[in-house]
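**Q** One letter stands for each residue in the lines below.
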Amino acid sequence: MGTQRIQLPFASRNLEPETRRTGAVSFVPPTLAGNAEQRERELLERLAAIVESSDDAIISKDLNGIIQSWNRGAERIFGYRAEEIVGKHISMLAPPDRVDEIPTILERLARGERVDHYETKRRTKDGRILTVSLTVSPIRDATGKIIGASKVARDITDRVRHEEALRQANADLQQFAYSASHDLQEPLRMVATYSELLRKEFGGKLGPIGDEYLGYTLQGALRMEQLLRDLRAYTLASASGQEPAEDVDAGQSLEKALGNLEAALQENNASVTRTDLPRVRIHHVLLVQLFQNLIGNSIRYRNSDPPRIHVAAQRQDNEWLFSVQDNGIGIDSRYQEQVFGLFKRLHSFAKYPGTGLGLAICQRIVQRAGGRIWVESEPGKGSTFFFTVPCRDA
Amino acid sequence: MGTACSPSQIVLAEDNPADVGLVREALREHQVRCDLRVISDGEEVVSFIDRLDLDAKLPCPDLLLLDWYLPKRDGVEILKHLRASQRCRQTPVVVLTSSDSPQDQENAEQNAAIHYFRKPISLGQFMQLGSIVKQVISHAQAE
Chain A
1 MGTQRIQLPF ASRNLEPETR RTGAVSFVPP TLAGNAEQRE RELLERLAAI VESSDDAIIS
61 KDLNGIIQSW NRGAERIFGY RAEEIVGKHI SMLAPPDRVD EIPTILERLA RGERVDHYET
121 KRRTKDGRIL TVSLTVSPIR DATGKIIGAS KVARDITDRV RHEEALRQAN ADLQQFAYSA
181 SHDLQEPLRM VATYSELLRK EFGGKLGPIG DEYLGYTLQG ALRMEQLLRD LRAYTLASAS
241 GQEPAEDVDA GQSLEKALGN LEAALQENNA SVTRTDLPRV RIHHVLLVQL FQNLIGNSIR
301 YRNSDPPRIH VAAQRQDNEW LFSVQDNGIG IDSRYQEQVF GLFKRLHSFA KYPGTGLGLA
361 ICQRIVQRAG GRIWVESEPG KGSTFFFTVP CRDA
Chain B
1 MGTACSPSQI VLAEDNPADV GLVREALREH QVRCDLRVIS DGEEVVSFID RLDLDAKLPC
61 PDLLLLDWYL PKRDGVEILK HLRASQRCRQ TPVVVLTSSD SPQDQENAEQ NAAIHYFRKP
121 ISLGQFMQLG SIVKQVISHA QAE
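From first to last, the protein sequence lines are chains A and B.
The working numbering applies: residue 1 is where the first sequence begins, and numbers increase by one.
The working numbering applies: residue 1 is where the second sequence begins, and numbers increase by one.
There may be inaccurate statements among the hints.
Said to hold, decoys possible - Pair ranges (Cβ atoms, derived):
{"no.": "1", "chain 1": "B", "residue 1": "GLU143", "chain 2": "A", "residue 2": "ARG392", "range": "51 to 57 Å"}
{"no.": "2", "chain 1": "B", "residue 1": "GLN141", "chain 2": "A", "residue 2": "GLY203", "range": "34 to 40 Å"}
{"no.": "3", "chain 1": "A", "residue 1": "GLN168", "chain 2": "B", "residue 2": "ARG37", "range": "43 to 49 Å"}
{"no.": "4", "chain 1": "A", "residue 1": "GLN266", "chain 2": "B", "residue 2": "ASP15", "range": "47 to 53 Å"}
Derived by calculation from the structure, the hints in this document are not laboratory data.
Here the structure is a predicted model, which means the values were calculated and not measured.
Note that the Cβ used here is the ideal one computed from N, Cα and C, for glycine as well.
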């Protein structure tokens, strides 16, 4: 092993208890015989071997930024051999637009601060620009004085590129789903309006079977329309668009949702009560959709009593806890998680029409705002849907 | 301008024959007396507007029913072109669209579209277009 190539930047007696505490390696095997000096040398060799075999670049430098040691990982990542670079200034590794950050890092180290997982760019010997994650910590001598720094650089170029590709693929997929669900709507509108027109002009003249078939065509088209609309709402709720810049009044969002549900509320003789609602950081349209879907469900899954729905919010530590409570048919505990899944339905379409996307949309909206959603319910008595929205001031 | 005894001149800019059929049905259902001229290409609507400007003998239409996404020229271009016309810039316009983009609606309203009609999936709702057209025409005649 190349122990000679490495100048260990630490005083060994400081290191032993420190590294022991991490529990990663046992440095003093009980079988190891010999005097303290020999033990110390073995320990140093072992440490050097660990440093040397790391995939990450492990570099030490003094407080002026002069490189003191350079492992094989550093050689592999940056292309310089230890002989070429030990004694040179660390700024050799920074591309021109990042040179300015070196003095700042050195100042922070001199104050005894660490730099953790700092993502930046570094340049290799042959001029390639890498994305690296840096962790830099001060090194102290036996008296506690800061004498330099150890720096671990991980090459994350590939990871960052893959993440970017994944982000792009997701965005494309969302765009595709949104466009497809929009464009499919047009031919569907033709099927629906023209089967209605057919019924208007020729209904009763086709015979009972003809009328029945026409009815199925129309029903199918309307159901498909609902599905596409919900699919669009779902992709919209997932889209990685701009995050809201300011808080919205949840009370106003609820009023808007109730306005949209007015016909269904009246038809079912439903009543909605509420506490004061806070201002929260979430898109207004998405919050309207969230209330609309939850209250819409409370109306749809009603029992024989008129729906009584209560919307409440209370502050809990660093988040707002919202609840939408109803006196409907409730959900069996076995299905309380399942209801949030895509296209998950617990009832036949004939009995309770729906697309199975409503709660999946709700979950997307809440997760996007950094919150959680769940349901507590007793079959026959009613359900309470809870969701949280983190507070910005926390 | 159309009067009570002569049919209204309505231009329908629409490239989908099925939608043309629905518009005709809506006008019939609401007994709108009109001559309907159908233009199915954005470029042709623009040159139609240009011809109106060149020939003072041609009457400006009483109403333009404008599909927002036509081949070659889209709705906002056509609407701007009409609003810049010498003779016919006051022509009332009803936009027909399947787009749910708020930006489209804003563009239509900024260019003085009287009504923004989202093509509905229900026949009954589509037939409401006939009543909208009737109102727009009688309002224009009253002025």
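**Q** Okay, GLU143 (chain B) versus ARG392 (chain A) on CB: inside 51 to 57 Å?
**A** Since the Cβ atoms of GLU143 (chain B) and ARG392 (chain A) sit about 52 Å apart, the hinted range of 51 to 57 Å holds.
**Q** Note whether the CB distance of GLN141 (chain B) and GLY203 (chain A) lies within 34 to 40 Å or breaks it.
**A** Cβ of GLN141 (chain B) to Cβ of GLY203 (chain A): about 36 Å, so the range 34 to 40 Å holds.
**Q** Measuring from beta carbon to beta carbon, are GLN266 (chain A) and ASP15 (chain B) in 47 to 53 Å?
**A** At roughly 40 Å between Cβ atoms, ASP15 (chain B) and GLN266 (chain A) fall outside 47 to 53 Å, so the hint is violated.
**Q** Taking the CB of GLN168 (chain A) and the CB of ARG37 (chain B), does the distance hold inside 43 to 49 Å?
**A** 47 Å, holds
The structure fails hint 4 only (numbered hints given earlier).
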